[in-house]
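J.: Start from the sequences, fold in the hints, and give me the full structure.
Given next are the chains, with one letter for each unit.
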Amino acid sequence: VIDLDTIQETDDETLFDRLTALLIGLIAVTAASLVLVQTVNGEAEARASAQATRLSVAASARLQAGSVHLQFAIGSLQQAVVLQLEGTSQQIVGLQGGDDVSQVRGESDQAAGERLFEIAQTMGAEPDDDSPVDAYVRELLTSSTVAAAEMVVEQNRQVYLAQDAGERAGRAVLGLSFIALAGVLVGLTAVFGEGRAGRLTLIMASLGLGAAVLTLLVAVFLPPSAFVPPTFEGVPLPSPSPSP
Amino acid sequence: VAVLLACAAVVAAVLTARAAFVAGEATGAWQTAVRDEVRRSSLAVLAIDAVYGSEGRIAFHVATEQARAEEARARASQQPAELATALEAEAQVHDGVIEALLPSSEIASDARYALDGGGFDLLLRLADERATDPDALGIDPEATVAEGDASSDHAVRLTAVTIVVAFAFLFGALAQAMRRRRTAFLVLGWAALGASVVLAVAVEILA
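Top to bottom, those sequences are chains A and B.
Offset between the first sequence (1-based) and my numbering: plus 152.
Offset between the second sequence (1-based) and my numbering: plus 3.
Hint data in this document are derived by calculation from the structure and do not stem from the laboratory.
From the three backbone atoms N, C-alpha and C, an ideal C-beta is built for every residue, glycine too.
Mixed in with the good hints, there may be bad ones.
What the hints assert, rightly or not - In silico negatives: residues of chain A with every beta carbon more than 12 Å from chain B:
id: 1; residue: Ala183
id: 2; residue: Gln273
id: 3; residue: Val304
Stated by the list, open to error - Listed below are several chain A residues computed to face chain B (Cβ distance under 10 Å; list not exhaustive):
id: 4; residue: Thr166
id: 5; residue: Asp169
id: 6; residue: Gln190
id: 7; residue: Val192
id: 8; residue: Ala196
id: 9; residue: Ser212
id: 10; residue: Ala213
id: 11; residue: Thr274
id: 12; residue: Met275
id: 13; residue: Ser377
T.: Laid out in structure tokens, this is it:
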């Protein structure tokens with residue numbers, strides 16, 4: 153933004169030259185500050201966006217894995233109960249018709265159904281700490297609906313953080329545009345010298361610097377809008393109050 | 004003054020370039036973490052679906068037939084001959100179904116998975132399924148995110164140091180315009196530049 157020749161034009165030690173030199177230095181400091189704000193918020197935006205995508209995938213995996221496991225667990229329990237009911241029904245029919253074979257078959261199936269219920273419970277059990285599966289799969293199979301919903305809330309919060317950081321980074325870029333304009337104007341000031349045109353461009357450069365400083369302050373200190381978490385009917389969730 | 008300003012410009016350029024490079028590493032690490040998460044969850048869900056959604060159903064069907072055959076035989080021994088024959092025939096029907104299903108069920112046909120009280124150990128099967136791809140077990144997106152976080156902090160610190168360089172530039176500019184205080188401003192400028200170099204080195208060492 154600042155040309156070395158521009159600074160060399162300011163060695164006449166007049167007030168005009170001192171102001172020009174001061175303006176050049178302040179432009180450099182403000183530009184560096186804006187770059188820092190842009191970097192901090194650009195990084196925060198990139199991180200939050202990536203985390204939001206990651207959490208979407210993670211929540212989806214939990215719901216999908218839990219659904220497959222639950223379908224098996226409930227389905228096998230239902231089969232066991234149906235077998236018990238069929239056995240009982242067969243016994244009643246056999247008893248009513250005086251059919252001994254039907255009765256003993258019914259007894260056998262009812263007993264098999266009762267055993268099968270325990271087998272279904274064992275085969276469909278969630279893994280505990282001693283189970284042979286790895287920690288991640290254990291986490292997927294034991295994750296509750298509330299945990300998945302909390303993950304979605306956090307995913308939404310990350311999207312919100314990314315938007316907020318993106319807006320702040322955008323303001324910093326706007327400030328850098330003002331700084332670039334101020335740098336060009338102060339270069340013109342040095343070329344024009346202490347005349348009317350020089351003073352005019354010096355004032356305009358000062359205004360550009362002022363606008364950049366204002367943008368910097370807004371980018372850093374403007375409070376974010378409140379985060380509104382999503383709601384899930386019937387799922388009890390804690391009420392987070394995050395802020396970036 | 005010119006040397007100070009030139010040195011400040013060089014230091015600022017080097018710091019900015021280095022910060023941009025390190026920030027790129029951070030962004031890359033976060034994107035890698037996303038890819039890792041997709042890969043890790045896809046592989047895990049596929050394994051769970053294979054075991055509980057496909058293999059487990061056949062295995063449970065075999066367990067059902069086994070339980071029915073065993074219960075029929077257990078009762079046959081306590082019944083008169085006619086009923087015992089009927090129950091034995093019933094058990095043989097279930098045996099036939101088991102024989103037909105066994106070749107299509109790796110779980111039911113492997114004695115390692117059989118449970119003492121009947122049924123099969125699907126979690127052991129799932130662990131074996133996961134163990135066929137050891138790389139998948141080592142995927143750790145959280146660690147990759149932490150690497151990205153460290154790189155990001157590094158980049159931000161380097162960028163912050165450029166503010167100190169900017170002050171060196173400010174003092175250099177003032178030294179040029181104020182001859183009577185040139186020495187003082189030059190000292191301040193070089194001090195700021197030296198501090199920025201020391202800070203940059205410290206950031207690199209601590210990273």
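J.: Each hint should be assessed against the structure and marked as holding or not.
T.: Each hint tested on the structure:
Non-interface call for alanine 183/A relative to chain B: violated, since the shortest CB-CB distance, roughly 7 Å, does not exceed 12 Å. A cut-off of 12 Å between C-beta atoms contradicts the statement that glutamine 273/A is not in contact with chain B; the least separation is 9 Å. The beta carbon of valine 304/A is kept farther than 12 Å from every beta carbon of chain B, the shortest such distance being approximately 15 Å. Residue-level restraint check for threonine 166/A holds (minimum Cβ-Cβ distance to chain B is 9 Å; threshold 10 Å).
Of the supplied interface hints, the one on aspartate 169/A holds, with its beta-carbon coming within about 5 Å of a beta-carbon of chain B, less than 10 Å. At its closest, the beta carbon of glutamine 190/A sits 9 Å from a beta carbon of chain B; the interface hint therefore holds under the 10 Å criterion. Here the hint on valine 192/A is kept, as its CB sits about 6 Å from the closest CB of chain B, short of 10 Å. For alanine 196/A, the suggested interface contact is upheld, since its CB lies about 8 Å from the closest CB of chain B, less than 10 Å.
Against a cut-off of 10 Å between C-beta atoms, the interface hint on serine 212/A holds, since the closest Cβ of chain B lies about 7 Å away. For alanine 213/A, the shortest C-beta to C-beta distance to chain B is roughly 3 Å, which falls under 10 Å, so the interface hint holds. With a cut of 10 Å, the hint placing threonine 274/A at the interface with chain B holds, because the nearest CB-to-CB distance is about 6 Å. The interface hint given for methionine 275/A is met, as the beta carbon of that residue sits about 5 Å from the closest beta carbon of chain B, less than 10 Å.
For serine 377/A, the suggested interface contact is broken, since its CB lies about 24 Å from the closest CB of chain B, more than 10 Å.
When each numbered hint is compared with the structure, violations occur for hints 1, 2, 13.
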